[in-house]
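Q: So the protein lines, in turn, are chains A and B.
Taking full-length UniProt numbering, the leading residue of the first sequence gets 1, the next gets one more, and so forth.
Taking full-length UniProt numbering, the leading residue of the second sequence gets 1, the next gets one more, and so forth.
Just so you know, these hints were derived from the structure itself, not from any lab.
Each residue gets a CB set at the ideal place from its N, CA and C atoms; glycine is no exception.
Check before you lean on any hint, since a few could be wrong.
What the hints assert, rightly or not - Stretches of chain B that chain A covers, calculated by requiring three or more beta carbons in the stretch to come under 8 angstroms of a beta carbon on chain A:
no., region
1, 41 to 49
2, 54 to 60
3, 63 to 77
4, 82 to 89
5, 96 to 103
Claimed, not checked - Quick list of simulated restraints, FRET-style, between CB atoms:
no., chain 1, residue 1, chain 2, residue 2, range
6, A, R3, B, W84, 32 to 42 angstroms
7, A, F81, B, K27, 38 to 48 angstroms
8, A, P80, B, N24, 39 to 49 angstroms
9, A, F77, B, L88, 45 to 55 angstroms
10, B, G37, A, V32, 19 to 29 angstroms
11, A, I10, B, K25, 20 to 30 angstroms
12, B, Q26, A, G63, 27 to 37 angstroms
13, A, L87, B, T52, 15 to 25 angstroms
14, B, K82, A, G78, 38 to 48 angstroms
15, A, H24, B, C40, 28 to 38 angstroms
16, B, L88, A, I71, 24 to 34 angstroms
17, A, N2, B, K82, 30 to 40 angstroms
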Amino acid sequence: MNRNWILVLIAGFFEVAWVIGLKHAYNFWTWVGTIIAIYVSFDLLIRSSSRLPVGTVYAVFTGIGTAGTVIMEMLVFGEPFQWVKVLLILLLLIGVIGLKVVTKESEDNVGAEAEGK
Amino acid sequence: MGWIYLILAGSFEVVGVTGINKVNKQKNWQSIAILVGGFCLSFFFLSQAMKTISMGTAYAVWTGIGTVGSALVGMFIYGESKEWRRVLFISMVLMAAIGLKFIS
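Can you build the whole structure from these sequences, using the hints too?
A: Below, the structure is given as structure tokens:
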């Protein structure tokens, strides 16, 4: 696997980490960790999307972030599993990824927009 | 109240993304202030929203509002295309977000 794609995967894991931190951080050091995770995930995402197709990078990244937070909250933090919720989040994810991919295809000058996340 | 925080978080994310676009075009302190301020407020409101809304739902809707918001800004302010596929995906995100609101 291309080294840049590994950066995208790591960015996705840090994304899940800061989301967990934002909800569960409880003291100074857990907040520091959360802020570092935000920085690392942004930095890796921007780096990798300058060398890889932005639409695909964004799709993989958002997919990891969304699936990761849903799986973690159910496995680790005791949220109940609800079919309706999982299906709605899946629908939302298809919409977000579809929008990014279609936008990248049809507009040449909005690359920066997709790097926003 | 959680959902109002979540909508604010998504809207400030759009502000932050606008900041990134401005910084890419011209690196001055106004653009950087929009970028940093937008994302800081966005993360602040997201953490407030997650006090009452589950993590997975909050993150998904936050991403959704951010993406749809940026697309709408592009379509209505910067004259990007309003082709049917974009409109379709935007409506999917909005329907899913409304659905999540009702089951939460």
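Q: Now, for every hint given, state plainly whether the structure supports it.
A: The hints, checked one at a time:
no., hint, result
1, 41 to 49, "holds (count 3)"
2, 54 to 60, "holds (count 7)"
3, 63 to 77, "holds (count 8)"
4, 82 to 89, "holds (count 5)"
5, 96 to 103, "holds (count 5)"
6, R3/A <-> W84/B: 32 to 42 angstroms, "38 angstroms, holds"
7, F81/A <-> K27/B: 38 to 48 angstroms, "46 angstroms, holds"
8, P80/A <-> N24/B: 39 to 49 angstroms, "43 angstroms, holds"
9, F77/A <-> L88/B: 45 to 55 angstroms, "34 angstroms, violated"
10, G37/B <-> V32/A: 19 to 29 angstroms, "21 angstroms, holds"
11, I10/A <-> K25/B: 20 to 30 angstroms, "29 angstroms, holds"
12, Q26/B <-> G63/A: 27 to 37 angstroms, "33 angstroms, holds"
13, L87/A <-> T52/B: 15 to 25 angstroms, "22 angstroms, holds"
14, K82/B <-> G78/A: 38 to 48 angstroms, "43 angstroms, holds"
15, H24/A <-> C40/B: 28 to 38 angstroms, "20 angstroms, violated"
16, L88/B <-> I71/A: 24 to 34 angstroms, "28 angstroms, holds"
17, N2/A <-> K82/B: 30 to 40 angstroms, "35 angstroms, holds"
In terms of the numbered hints stated before, the structure departs from hints 9 and 15, listed from lowest to highest.
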